[in-house]
Amino acid sequence: MKANPLAAIVVVVVTGVVVTTAAGVVVAAAAGVVVVVVVVVVVVVPLGFGSPATHTPLLHFDSRNSEVRGS
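60 is the number that this note's numbering gives to position 60 of the sequence shown; each next residue is one higher, with no gaps.
It is possible that some hints are incorrect.
[To be verified] Here are the computed lysine to any residue pairs in the SDA-like style, where the Cα-Cα straight-line distance is at most 25 Å:
hint, residue 1, residue 2
1, 2, 14
2, 2, 16
3, 2, 20
4, 2, 15
5, 2, 12
[As the list claims (entries may be wrong)] Computed beta-carbon distance windows for the label pairs:
hint, residue 1, residue 2, range
6, 20, 41, 29 to 37 Å
7, 11, 43, 46 to 54 Å
8, 4, 42, 50 to 58 Å
9, 2, 40, 55 to 63 Å
10, 44, 24, 23 to 31 Å
11, 37, 2, 39 to 47 Å
12, 36, 8, 55 to 63 Å
13, 35, 6, 37 to 45 Å
14, 36, 12, 31 to 39 Å
15, 32, 9, 30 to 38 Å
16, 41, 7, 50 to 58 Å
17, 6, 30, 30 to 38 Å
18, 40, 15, 35 to 43 Å
If you are wondering where the hints come from, they were derived from the structure by calculation, not from laboratory data. Source: prediction; values computed, not measured. Glycine residues also receive a C-beta, built at the ideal position from the N, C-alpha and C atoms.
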């Protein structure tokens, strides 16, 4: 039985597409994690725990009337 060159080409192309797609998914997931970490560091940490420079939260919880106020 002779090997079909077209079949070999299809196998190579399909394998390439699958590998490229898998690599793309991994890169996209890694980029997503980086975006989440950056958002947490830039937004959540200064709002909730204070900026690294001042250590005072931008928002503080006022327990007397139960609302969050900007500083």
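Status of the hints after comparison with the structure:
no.: 1; hint: 2 x 14; in the structure: 21 Å, holds
no.: 2; hint: 2 x 16; in the structure: 24 Å, holds
no.: 3; hint: 2 x 20; in the structure: 30 Å, violated
no.: 4; hint: 2 x 15; in the structure: 22 Å, holds
no.: 5; hint: 2 x 12; in the structure: 18 Å, holds
no.: 6; hint: 20 x 41: 29 to 37 Å; in the structure: 31 Å, holds
no.: 7; hint: 11 x 43: 46 to 54 Å; in the structure: 47 Å, holds
no.: 8; hint: 4 x 42: 50 to 58 Å; in the structure: 56 Å, holds
no.: 9; hint: 2 x 40: 55 to 63 Å; in the structure: 59 Å, holds
no.: 10; hint: 44 x 24: 23 to 31 Å; in the structure: 29 Å, holds
no.: 11; hint: 37 x 2: 39 to 47 Å; in the structure: 55 Å, violated
no.: 12; hint: 36 x 8: 55 to 63 Å; in the structure: 42 Å, violated
no.: 13; hint: 35 x 6: 37 to 45 Å; in the structure: 42 Å, holds
no.: 14; hint: 36 x 12: 31 to 39 Å; in the structure: 36 Å, holds
no.: 15; hint: 32 x 9: 30 to 38 Å; in the structure: 34 Å, holds
no.: 16; hint: 41 x 7: 50 to 58 Å; in the structure: 51 Å, holds
no.: 17; hint: 6 x 30: 30 to 38 Å; in the structure: 36 Å, holds
no.: 18; hint: 40 x 15: 35 to 43 Å; in the structure: 38 Å, holds
Of the numbered hints given earlier, the model fails hints 3, 11 and 12; all others are met.
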